[in-house]
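Number of protein chains: 2
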Amino acid sequence: MSAGTTGPVRVVGTGLLGASVGLALRALGVDVVLADPSRTALALARDVGAGRPAAPDDEEPALVVVAAPPDVTADVVAAELAAHPGAVVTDLASVKGYVLDELRASGADLTRYVGSHPMAGRERSGPSAAVPDLFLGRPWVLASTEVTRPDAVLAVRSLAVDLGAVPVTLDAGAHDEAVALVSHVPQVVASLAAARLAGADDVALGLAGQGLRDVTRIAASDPALWTSILAANAGAVRDVLVAVRSDLDGVIDALALAAAATGPETVAPGALATIAQAVADGNTGVARIPGKHGGAQRSYALVTVLVPDAPGELARLLTEVGEAGVNLEDLHLEHAAGRPVGMAQISVLPGSAAHLEAELTARGWRLVS
Amino acid sequence: MSAGTTGPVRVVGTGLLGASVGLALRALGVDVVLADPSRTALALARDVGAGRPAAPDDEEPALVVVAAPPDVTADVVAAELAAHPGAVVTDLASVKGYVLDELRASGADLTRYVGSHPMAGRERSGPSAAVPDLFLGRPWVLASTEVTRPDAVLAVRSLAVDLGAVPVTLDAGAHDEAVALVSHVPQVVASLAAARLAGADDVALGLAGQGLRDVTRIAASDPALWTSILAANAGAVRDVLVAVRSDLDGVIDALALAAAATGPETVAPGALATIAQAVADGNTGVARIPGKHGGAQRSYALVTVLVPDAPGELARLLTEVGEAGVNLEDLHLEHAAGRPVGMAQISVLPGSAAHLEAELTARGWRLVS
Chain R
1 MSAGTTGPVR VVGTGLLGAS VGLALRALGV DVVLADPSRT ALALARDVGA
51 GRPAAPDDEE PALVVVAAPP DVTADVVAAE LAAHPGAVVT DLASVKGYVL
101 DELRASGADL TRYVGSHPMA GRERSGPSAA VPDLFLGRPW VLASTEVTRP
151 DAVLAVRSLA VDLGAVPVTL DAGAHDEAVA LVSHVPQVVA SLAAARLAGA
201 DDVALGLAGQ GLRDVTRIAA SDPALWTSIL AANAGAVRDV LVAVRSDLDG
251 VIDALALAAA ATGPETVAPG ALATIAQAVA DGNTGVARIP GKHGGAQRSY
301 ALVTVLVPDA PGELARLLTE VGEAGVNLED LHLEHAAGRP VGMAQISVLP
351 GSAAHLEAEL TARGWRLVS
Chain H
1 MSAGTTGPVR VVGTGLLGAS VGLALRALGV DVVLADPSRT ALALARDVGA
51 GRPAAPDDEE PALVVVAAPP DVTADVVAAE LAAHPGAVVT DLASVKGYVL
101 DELRASGADL TRYVGSHPMA GRERSGPSAA VPDLFLGRPW VLASTEVTRP
151 DAVLAVRSLA VDLGAVPVTL DAGAHDEAVA LVSHVPQVVA SLAAARLAGA
201 DDVALGLAGQ GLRDVTRIAA SDPALWTSIL AANAGAVRDV LVAVRSDLDG
251 VIDALALAAA ATGPETVAPG ALATIAQAVA DGNTGVARIP GKHGGAQRSY
301 ALVTVLVPDA PGELARLLTE VGEAGVNLED LHLEHAAGRP VGMAQISVLP
351 GSAAHLEAEL TARGWRLVS
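Chains R and H are the protein sequences, given in the same order. All residue numbers for the first sequence refer to full-length UniProt numbering, where the first residue is 1 and numbers rise by one. All residue numbers for the second sequence refer to full-length UniProt numbering, where the first residue is 1 and numbers rise by one.
Hint data in this document are derived by calculation from the structure and do not stem from the laboratory. Think of the CB as a built atom: it goes at the ideal place given N, C-alpha and C, for glycine as much as any other residue. Each hint should be verified, as a subset may be incorrect.
As the list claims (entries may be wrong) - Short, incomplete list of chain R residues facing chain H, as computed with Cβ under 8 angstroms:
no., residue
1, Thr-148
2, Pro-150
3, Val-153
4, Val-182
5, Ala-198
6, Leu-205
7, Gly-209
8, Trp-226
9, Ala-231
10, Val-251
11, Leu-272
12, Gly-312
13, Ala-315
Unchecked claim - Reference listing, derived: stretches of chain R covered by chain H, where coverage requires no fewer than 3 residues with Cβ under 8 angstroms from a Cβ of chain H:
no., region
14, 36 to 48
15, 106 to 115
16, 185 to 193
17, 355 to 364
The task is simple: from the sequences and hints, build the whole structure.
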């Protein structure tokens, strides 16, 4: 560890996050001691190379990383602080205020505790899904308090940097409000929209396009994990959902007025404006999401290319994008059900779009742009 | 046209859809006559090769395609049916019941009218965005009524097939309920989630991940167009949104109970189950969306590979996927803000995943899977 500490790093909880931390630290030559209430998960984490089980004559750890589910995190952190009075302790739970409140109530020594949250995950879980690169390039939130010792903050910041993450300092409350907005509420909204499809008939579902797929992709997430996260951040998530419901009420009322009219002229005044404003507010919000280079998403131009569904075609396209001297900023491949052609949506800087379109056309590609 | 009709095809409305129909028909050698209330749009459509403006001595059209905004479609269809008593008339509006109701009220000759809706679109609009391949592989809904003549249905079905689309037969009401579910409600939900970001601070937005980007991507859509669509399908959209609100109410109430508790044990009975059920219902719904080959989305395995942000790296990856003999089913490239590494998420048939992972690892790629 670059913080100049000695002793092993102890990782408590060897699921996806804990085992990935272990793997990444092992790759840096750090001695990693693993602990998990599940003997199977512990053995699996050892087998994938995430570290070694604790032994009776172990040196005291310099740093303890608690990677437990949100609902047990505070108990585990408090126990580790007590068991290792010289160690800095951090946790990786995706909700921070709840953990901090419980720790305060427990009377734990908070001078050595730094709550943290790496914004990293995968669709698979458990130690077998662990990878050392999980944190590469991801924001890693550090939530210290007024009593946290500076060397404790430095130790956890060093952990984040060593694992390739980008440290972001936020207090626990600000963190929880932020993730409610950018992660927890989108999860709920995607789940609610997807739930409406459960009873749909197959013909209706056959009309689905990429828009529906995008909106509902994260609705495939694990219910048990998300119940734990949403319950632990219930206040902040509820506040945002109440605001969503208020906007939804407005749209529903406006649609009732539109449904009752015989044409646009006879829709009650204000109803159409309410609908338009809801869509326009969405425009404003989505434009604020940072893109790959920290700019707004809208700063890219989209070039869409038809790609035959044959081995090597997409690779050929991307090779030729590179040969055209154009840097691909983002790529999304879209397939139409039942057809042997896909569409590759290539995001490029706006100044490169015309050049790329000309180059690809000259090379025989069919553009949808 | 393969329906054996004679005379030109008349396209009324030369925006994205109308001009794309014109371009595709011109590519098949069909004489296309264009009309549009905007002289600029008409001239632009002619210039992109979508057809020619009407002339006084034109032969009567065999088929009229009305590609107008939903709120004026019925008026234009009725006028075209009256002006061209030998022609079959179709429209491409994204809402069908509203148009049909207005046509019935107008006393138009519905034996020659077939409502239709190609499930195709782009993020850009207008004749300059038109492409002949717009409809390739897309579902194209045909909504005839009990009075529609069989040859009229055949003519519009032939149009869809000639343009590469997949005809789907649905009555107007079933169509409108289906698109409310798979298109209009997802649009509203994405807009409402995105609207919450408008007032967020930059640090919170910096924590955004791919989930948020996916959920809110379509929130960038045009407010004027969507107001017209949502108002024209107000009843069906409202019905689904009322069901969404009911689920949302349940989640909000459950979160209030969770926020009031001191821990999972003290949450009022049923609250956690309500949250878990909402997420689980989303699982069920998203699993029903057909994938590329008509199967459920979950039938693919995801292999995630770290790709350096350098020219040619993604092309090299895809070349090597091809060399491994694995057919790529879908691809999504994900970038982390501020880092020179992207993640390519490759969907493959489950039986191919282990082989692909081994091949890519052997070739030096870093997997996150």
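Right, here's what the structure says about each hint:
1. Checking Thr-148 of chain R against chain H by beta carbon gives a least distance of about 19 angstroms; that is not within 8 angstroms, so the hint is violated.
2. Residue-level restraint check for Pro-150 of chain R is violated (minimum Cβ-Cβ distance to chain H is 21 angstroms; threshold 8 angstroms).
3. For Val-153 of chain R, the interface hint is violated, since its Cβ never comes within 8 angstroms of a Cβ in chain H; the closest pair sits about 17 angstroms apart.
4. Among the interface hints, the one on Val-182 of chain R holds; its C-beta lies about 5 angstroms from the nearest C-beta in chain H, closer than the 8 angstroms criterion.
5. Given the 8 angstroms rule on beta carbons, the hint for Ala-198 of chain R holds: about 4 angstroms separates it from the nearest Cβ of chain H.
6. Restraint check, Leu-205 of chain R versus chain H: the minimum CB separation of about 6 angstroms is within 8 angstroms; hint holds.
7. Below 8 angstroms, beta-carbon pairs count as interface contacts, and Gly-209 of chain R has one with chain H at about 6 angstroms; its hint therefore holds.
8. With its C-beta approaching chain H no nearer than about 5 angstroms, Trp-226 of chain R sits inside the 8 angstroms limit, and its interface hint holds.
9. For Ala-231 of chain R, the interface hint holds, since its Cβ comes within 8 angstroms of a Cβ in chain H; the closest pair sits about 4 angstroms apart.
10. For Val-251 of chain R, the interface hint holds, the least distance from its beta-carbon to any beta-carbon of chain H being 6 angstroms, beneath 8 angstroms.
11. The restraint placing Leu-272 of chain R at the interface with chain H holds, with a minimum CB-CB distance near 6 angstroms, inside the 8 angstroms limit.
12. A least Cβ separation of about 4 angstroms between Gly-312 of chain R and chain H falls short of the 8 angstroms threshold, and the interface hint therefore holds.
13. Given the 8 angstroms rule on beta carbons, the hint for Ala-315 of chain R holds: about 4 angstroms separates it from the nearest Cβ of chain H.
14. With 0 residues having a beta carbon nearer than 8 angstroms to a beta carbon of chain H, the region 36 to 48 of chain R misses the requirement of three or more and the stated coverage is violated.
15. Only residues whose beta carbon comes within less than 8 angstroms of a beta carbon in chain H count, and the region 106 to 115 of chain R has 0; fewer than three means the coverage is violated.
16. As drawn, the region 185 to 193 of chain R meets chain H at 9 residues by the rule of a beta-carbon pair under 8 angstroms; at three or more, the given contact holds.
17. For the region 355 to 364 of chain R, the assignment as covered by chain H is violated, since 0 residues bring a beta-carbon within under 8 angstroms of that chain's beta-carbons and 3 are needed.
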